[in-house]
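Colleague: Next come the chains, spelled out residue by residue.
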Amino acid sequence: MVYISSWDEFAERSIQLFRADPQSVSCVLTSRYVMKYRHCDGKLVLKVTDNRECLKFKTDQAQDARKMEKLNNIFFTLMARGPDVDISEVSGKEQSEAQPTKKGRGRKQ
Amino acid sequence: MVGSLAQPTHLPPYFKLRKVSSKSAREREREPSLFAFAMPDPFLNELTSMYERTTERGSVWVTLKRSSMKSKAKRNKMTSAGETIEYRCLVRATDGKKTISTVLSAKDHLRFQASYATILKAHMSALKKRERRDKKKAGDGQTKQEDLKKPPKKSSS
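Residue numbers (UniProt numbering), protein chains in the order written: chain A, 1 to 109; chain B, 1 to 157.
Where hints are given, some of them may not hold.
No farther apart than 25 Å at their CA atoms in a straight line, the calculated lysine-lysine pairs in the DSS-like style are these [unchecked claim]:
1) B/Lys-121 - A/Lys-36
2) A/Lys-36 - A/Lys-47
3) A/Lys-70 - B/Lys-121
4) A/Lys-47 - B/Lys-121
5) B/Lys-97 - A/Lys-36
6) B/Lys-128 - A/Lys-36
7) A/Lys-67 - B/Lys-65
8) A/Lys-43 - B/Lys-107
9) A/Lys-67 - B/Lys-107
10) B/Lys-128 - A/Lys-56
11) B/Lys-97 - A/Lys-67
12) B/Lys-121 - A/Lys-43
13) B/Lys-129 - A/Lys-58
14) A/Lys-67 - B/Lys-74
15) A/Lys-56 - B/Lys-129
16) A/Lys-58 - B/Lys-128
17) B/Lys-65 - A/Lys-70
18) A/Lys-47 - B/Lys-77
19) B/Lys-129 - A/Lys-70
Everything labelled a hint here was simulated from the structure, so no lab data went into it.
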């Protein structure tokens with residue numbers, strides 16, 4: 001179990017781990033992203049693993065929860081669209097924001 | 001598993017008493033989860049109540065995983081037939097006792113993402129806000145943030 005102390009490092013490495021998922025070998029995607037929250041202790045633990053390598057991040061800070069939400073968006077995009085999404089961090093979010101307005105009931109004003 | 005039961009002293013140590021009422025992990029696995037692949041909205045409602053239930057004690061685990069939701073045999077058939085396998089996002093949540101799950105397709109995930117973020121924001125209130133500017137406080141992320149905002153004491157020039 002590797003606890004990473006820097007958020008940025010954790011985020012970058014976990015995205016790399018997801019993207020590198022060996023899909024071609026067995027067509028089974030093994031990496032998962034787990035989030036554990038304990039309200040009574042005020043602790044949040046994030047884990048990303050492909051059953052070989054494991055990255056963890058532990059925190060009790062509210063600011064990290066906000067960063068985690070952004071990371072969640074990235075993961076959702078990666079999972080829905082596939083690990084080959086380019087620059088998912090920026091364009092993925094922008095695309096996902098652009099799409100609802102097209103399908104939406106009207107212009108947001 | 002053993003819990004608070006007093007162990008019998010006359011029996012060899014490998015006989016351990018278990019509480020009869022609580023289910024063992026194996027039993028729980030055999031039981032189908034109550035919300036076997038629910039739709040995203042009921043899943044979110046149930047997730048909300050899970051967070052509300054665990055405020056005093058307990059944890060909530062949420063797992064995100066990509067899956068095609070097809071068995072290996074079917075997947076191999078599809079690849080050999082040249083069909084593209086559609087991948088979806090499997091989301092599971094548990095409080096240690098009950099497990100719920102849902103499957104998201106590419107179009108579901110946008111809406112789910114927004115609702116999910118709202119739920120998390122609303123319930124993760126026990127985390128500490130950055131009020132104290134104490135450098136002794138554990139957590140490197142916090143001190144890094146502070147150093148960026150505060151004028152650096154060490155001259156960076």
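Colleague: Could you run down the list of hints and mark each one as holding or not?
Modeller: Evaluated hints:
no.	hint	verdict
1	B/Lys-121 - A/Lys-36	14 Å, holds
2	A/Lys-36 - A/Lys-47	8 Å, holds
3	A/Lys-70 - B/Lys-121	12 Å, holds
4	A/Lys-47 - B/Lys-121	19 Å, holds
5	B/Lys-97 - A/Lys-36	14 Å, holds
6	B/Lys-128 - A/Lys-36	16 Å, holds
7	A/Lys-67 - B/Lys-65	20 Å, holds
8	A/Lys-43 - B/Lys-107	32 Å, violated
9	A/Lys-67 - B/Lys-107	24 Å, holds
10	B/Lys-128 - A/Lys-56	19 Å, holds
11	B/Lys-97 - A/Lys-67	29 Å, violated
12	B/Lys-121 - A/Lys-43	14 Å, holds
13	B/Lys-129 - A/Lys-58	15 Å, holds
14	A/Lys-67 - B/Lys-74	38 Å, violated
15	A/Lys-56 - B/Lys-129	21 Å, holds
16	A/Lys-58 - B/Lys-128	13 Å, holds
17	B/Lys-65 - A/Lys-70	17 Å, holds
18	A/Lys-47 - B/Lys-77	33 Å, violated
19	B/Lys-129 - A/Lys-70	18 Å, holds
Of the numbered hints stated above, those contradicted by the structure are hints 8, 11, 14 and 18, listed in ascending order.
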